[in-house]
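2 protein chains.
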Amino acid sequence: MRSETEIIERIWQVLPTQPAGRAGDWLRLGVGDDAAVIRAGTSAGRHTTASDWVLSTDAYLEGVHFLPDVHSPDDIGYKALARATSDLAAMGTAPRFFLLTLALPSDRTEKWLNGFLKGMARAARKFGMVLVGGDTSRFRSITMTVTVGGWSPNHGVLTRGGAMPGDLIYVSGTLGAAQLGLEIILRGPDGKSKSPRTPAGSQWGKLLQPHLRPNIQVELGRWLAGQNPSKKPLATAAIDTSDGLSTDLNHICEASGVSARIWATKIPRVQLPKALQRRGTKLDPLNLALHGGEDYQLLFTVPPKAASKLPQSIGGAQITQIGVIEPRSKALRKVNSRIKLVGFNGTTTPLPPQGWDPFSTAMRTPKKSIT
Amino acid sequence: MRSETEIIERIWQVLPTQPAGRAGDWLRLGVGDDAAVIRAGTSAGRHTTASDWVLSTDAYLEGVHFLPDVHSPDDIGYKALARATSDLAAMGTAPRFFLLTLALPSDRTEKWLNGFLKGMARAARKFGMVLVGGDTSRFRSITMTVTVGGWSPNHGVLTRGGAMPGDLIYVSGTLGAAQLGLEIILRGPDGKSKSPRTPAGSQWGKLLQPHLRPNIQVELGRWLAGQNPSKKPLATAAIDTSDGLSTDLNHICEASGVSARIWATKIPRVQLPKALQRRGTKLDPLNLALHGGEDYQLLFTVPPKAASKLPQSIGGAQITQIGVIEPRSKALRKVNSRIKLVGFNGTTTPLPPQGWDPFSTAMRTPKKSIT
Chain A
1 MRSETEIIER
11 IWQVLPTQPA
21 GRAGDWLRLG
31 VGDDAAVIRA
41 GTSAGRHTTA
51 SDWVLSTDAY
61 LEGVHFLPDV
71 HSPDDIGYKA
81 LARATSDLAA
91 MGTAPRFFLL
101 TLALPSDRTE
111 KWLNGFLKGM
121 ARAARKFGMV
131 LVGGDTSRFR
141 SITMTVTVGG
151 WSPNHGVLTR
161 GGAMPGDLIY
171 VSGTLGAAQL
181 GLEIILRGPD
191 GKSKSPRTPA
201 GSQWGKLLQP
211 HLRPNIQVEL
221 GRWLAGQNPS
231 KKPLATAAID
241 TSDGLSTDLN
251 HICEASGVSA
261 RIWATKIPRV
271 QLPKALQRRG
281 TKLDPLNLAL
291 HGGEDYQLLF
301 TVPPKAASKL
311 PQSIGGAQIT
321 QIGVIEPRSK
331 ALRKVNSRIK
341 LVGFNGTTTP
351 LPPQGWDPFS
361 TAMRTPKKSI
371 T
Chain B
1 MRSETEIIER
11 IWQVLPTQPA
21 GRAGDWLRLG
31 VGDDAAVIRA
41 GTSAGRHTTA
51 SDWVLSTDAY
61 LEGVHFLPDV
71 HSPDDIGYKA
81 LARATSDLAA
91 MGTAPRFFLL
101 TLALPSDRTE
111 KWLNGFLKGM
121 ARAARKFGMV
131 LVGGDTSRFR
141 SITMTVTVGG
151 WSPNHGVLTR
161 GGAMPGDLIY
171 VSGTLGAAQL
181 GLEIILRGPD
191 GKSKSPRTPA
201 GSQWGKLLQP
211 HLRPNIQVEL
221 GRWLAGQNPS
231 KKPLATAAID
241 TSDGLSTDLN
251 HICEASGVSA
261 RIWATKIPRV
271 QLPKALQRRG
281 TKLDPLNLAL
291 HGGEDYQLLF
301 TVPPKAASKL
311 PQSIGGAQIT
321 QIGVIEPRSK
331 ALRKVNSRIK
341 LVGFNGTTTP
351 LPPQGWDPFS
361 TAMRTPKKSI
371 T
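Line by line, the protein sequences give chains A and B. Under the working numbering, the first residue of the first sequence is numbered 1, with each subsequent residue one higher. Under the working numbering, the first residue of the second sequence is numbered 1, with each subsequent residue one higher.
A couple of the hints might just be wrong.
A pair counts as met if it fits within one copy or between any two copies, since identical chains are not told apart.
To be verified - Derived DMTMM-like pairs: lysine to aspartate or glutamate, alpha-carbon spacing no greater than 20 Å straight-line:
{"hint": "1", "residue 1": "K118", "residue 2": "E9"}
{"hint": "2", "residue 1": "K111", "residue 2": "D69"}
{"hint": "3", "residue 1": "K118", "residue 2": "E4"}
{"hint": "4", "residue 1": "K305", "residue 2": "E326"}
{"hint": "5", "residue 1": "K111", "residue 2": "E4"}
{"hint": "6", "residue 1": "K206", "residue 2": "D284"}
{"hint": "7", "residue 1": "K111", "residue 2": "E9"}
{"hint": "8", "residue 1": "K118", "residue 2": "E6"}
{"hint": "9", "residue 1": "K111", "residue 2": "E6"}
Hints listed in this document are in silico derivations from the structure and should not be mistaken for laboratory results. Quantities reported herein were computed from a predicted structural model and do not represent experimental measurements.
Just chain A, with the same shape it has in the complex (with noise of 0.2 Å):
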């Protein structure tokens, strides 16, 4: 069995991924980021075209991603749309419009259909989306797929390939607040349920909402990537974080060929529920925070100079330093790492990306234990 790196690899290898001669131009960002970007109308070479393009493209699958007994349909159709927009905020785009395939079992064609088409329907107008295409079978799983596009102005995209020695790391938010969300159900509130369910009662609601129904940074990513005061690009490099922290900042450590060093005490994480608290549950906010996946908060690089342009909190999104870019250091990449965690205690060791593989687990939880 291949893991999904070399999946991945394989299918970058065999299919082809960039178009022949000089009219392939129009391609300006293939595989290998959060979204493929792509300048309409230059193969024409006489016209000045207006944008970029901006596609991203995510399956949502009943046992993987998600379980129907667990999460109401509501929230399945708010988070199917929600996270694959979460990929267009990444790149500092505006989201236009989505197309979905959408496979059914028949009994999920009534009740189940109208809920999720009711969270799916909240999240396009709060994020400002049509549906343009898509289509419907009928499955003996909950499938989908769900396509975004929505177009930046030229030069304003923000990539996983521009972080630079010295720029300073941010994060959006809090990190492992998903990720606890989802302990919660798979645990129950006191840590010991046997099977997931979401627990009943206000008062988890706030803990929950990050998993079930995830703000997106729409807004923080365009700030970022162009609709500031200065008109200018000021993140060297962003991506969501939607596999975790470790895996995240490596994709944006690999694509620009750095490393990174990041500090245990800046990281915002989580405060525990004292429910959670006890022994047995091994819940740890700090490991929740560097592997617990689908914050789809961003995680972006400023260089020094720009750092104080930022404000403390972008489009409700709380802004955090938590690292700074180095140069690519041979040590790491021998212990099969680009990031440097300094401890609590001031020690530093290497962090391996222990984010979410797809084809280590059958939930999304993290590829190692998160206690």
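We have chain A already, so just place chain B on it with the hints.
Just chain B now, with coordinates in the frame of chain A:
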């Protein structure tokens, strides 16, 4: 349980499908045609854009659209991309790129994946497309969604909605050929097989090819849309025959607000192999042509004045006139039909849509028996 039509109507009812206000004029054609058409940059209002974008998405699911025990991974890979690309052909658009979400069981990630990618790469090279994005997941069934895109000159996109009374109705290639290939696999070459399998022997290759590896009418579509000596669109409406003639012609009639009259004698039909002409198999060439799915030919309408400009074949596909567009008929609508079929004996009967509904059957076969 809702039918596919009811599900789609519900989706369009609940999800936003029209951008708000004047700034929304970027959406030239939303849900309801073969593909969406989006004019980039017009929302800015001060740029000349070179082209309209055309986007379409299709799910391809194990047990619904293909059977991994019967269809080779190479054929599955080829057809997954080909059938999605057919929607671009129907719009007259040159295909450029695709995105792929691919979910696989662990035991399909090595040899099977290699074969699948080989077939998909062959299709990509044939159509001149490159992969620009996607994702992979582990899942209990092989499922995928292919999103395809390209661009066309402004006003050079074919839609379903422009057919006018008096226009002549044409179709490319032979209808029912893909359904015949599927029937040979489902029934066996002698019409008596109890479980589906692809018959060995080179004599079956030509009969199976339309089902396993359909030709996609990209060149014909582009020719009709403006890549012809007149440099103008020659077709007033077009669709690809994916669900069967009775269903797809009905789509054109509905979108255009017209009815249609077709002649059984004119419809290009398959010849049944001798073994399948025996009593008991009950396959009928006309029924295969009227209701068989997945031919991926182009069905299009041309004003009588322009008909003389049509060559006998375009891009290797023979062109046949099969009928004529007529004004909307109230009598037909009473029997839920928009098509009159003139039979071999000269009698005229209403032809209701009887093509494939993915919610009515498990495998891709017509709604009603084609026997």
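Hint-by-hint comparison with the structure:
1. Taking CA atoms no more than 20 Å apart as the test, K118 paired with E9 passes between copies only; the shortest distance there is 14 Å, against 37 Å inside one copy.
2. Taking the shortest alpha-carbon separations for K111 and D69, only the intra-copy value of 14 Å comes in at or below 20 Å, while the best inter-copy value is 34 Å.
3. For the homomeric pair K118 and E4, the shortest alpha-carbon distance between copies (19 Å) is at most 20 Å, but the shortest distance inside one copy (33 Å) is not.
4. Taking CA atoms no more than 20 Å apart as the test, K305 paired with E326 passes inside one copy only; the shortest distance there is 16 Å, against 70 Å between copies.
5. For the identical chains of this complex, K111 and E4 are inter-copy neighbours only, at 15 Å across copies versus 35 Å inside a copy, given an alpha-carbon limit of 20 Å.
6. In this assembly of identical chains, the alpha carbons of K206 and D284 lie at most 20 Å apart only when taken from the same copy (19 Å versus 63 Å across copies).
7. For the identical chains of this complex, K111 and E9 are inter-copy neighbours only, at 15 Å across copies versus 41 Å inside a copy, given an alpha-carbon limit of 20 Å.
8. Taking the closest pair of Cα atoms, K118 and E6 come within 20 Å of each other only across two copies (16 Å); inside a single copy the shortest separation is 38 Å, beyond that limit.
9. Taking identical chains as interchangeable, the C-alpha atoms of K111 and E6 lie at most 20 Å apart only when they sit on different chains, with a minimum of 13 Å there against 40 Å within one chain.
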